[in-house]
Amino acid sequence: MNKKFKVELLGEAIDFVESLDDKTREKILYNARKAQIVSDPELFKKLMI
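The opening residue of the sequence shown carries number 311 in this note's numbering; numbering runs sequentially from there.
Treat the hints as calculated values from the structure; they're not laboratory data.
Just so you know, these numbers come straight off a predicted model, no measurement behind them.
Backbone N, C-alpha and C define an ideal beta-carbon position, used for all residues, glycine too.
A hint or two may mislead.
Said to hold, decoys possible - Across the chosen pairs, the derived CB separations fall in these ranges:
id	residue 1	residue 2	range
1	312	341	14 to 22 Å
2	329	349	29 to 37 Å
3	351	312	13 to 21 Å
4	349	325	27 to 35 Å
5	355	319	16 to 24 Å
6	311	351	13 to 21 Å
7	312	340	17 to 25 Å
8	330	353	14 to 22 Å
9	336	313	13 to 21 Å
Unchecked claim - Here are the simulated PhoX-like pairs of lysine-lysine, each with C-alpha atoms no more than 20 Å apart in a straight line:
id	residue 1	residue 2
10	333	344
11	316	355
12	313	337
Kindly produce the complete structure, drawing on both the sequences and the hints.
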């Protein structure tokens, strides 16, 4: 698997993600990892909103 970019979260983003319930946090992290590998404009768009 060749990653196309690296994801780095700011402190505020880490605090926010950690405040979420487990299911929501895992979905966000899963999709962020997936976006690094797969070229899917719709997925990336959803992550940026």
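Now for the hints, and whether the structure bears them out:
1. 312 x 341: 14 to 22 Å: holds (18 Å)
2. 329 x 349: 29 to 37 Å: holds (30 Å)
3. 351 x 312: 13 to 21 Å: Holds: the Cβ-Cβ distance is about 18 Å, inside 13 to 21 Å.
4. 349 x 325: 27 to 35 Å: holds (30 Å)
5. 355 x 319: 16 to 24 Å: holds (19 Å)
6. 311 x 351: 13 to 21 Å: Check passed, 19 Å falls within 13 to 21 Å.
7. 312 x 340: 17 to 25 Å: holds (18 Å)
8. 330 x 353: 14 to 22 Å: holds (19 Å)
9. 336 x 313: 13 to 21 Å: holds (19 Å)
10. 333 x 344: Answer holds: residue 333 to residue 344 is near 16 Å, not above 20 Å.
11. 316 x 355: holds (16 Å)
12. 313 x 337: holds (19 Å)
The structure shown violates none of the earlier numbered hints.
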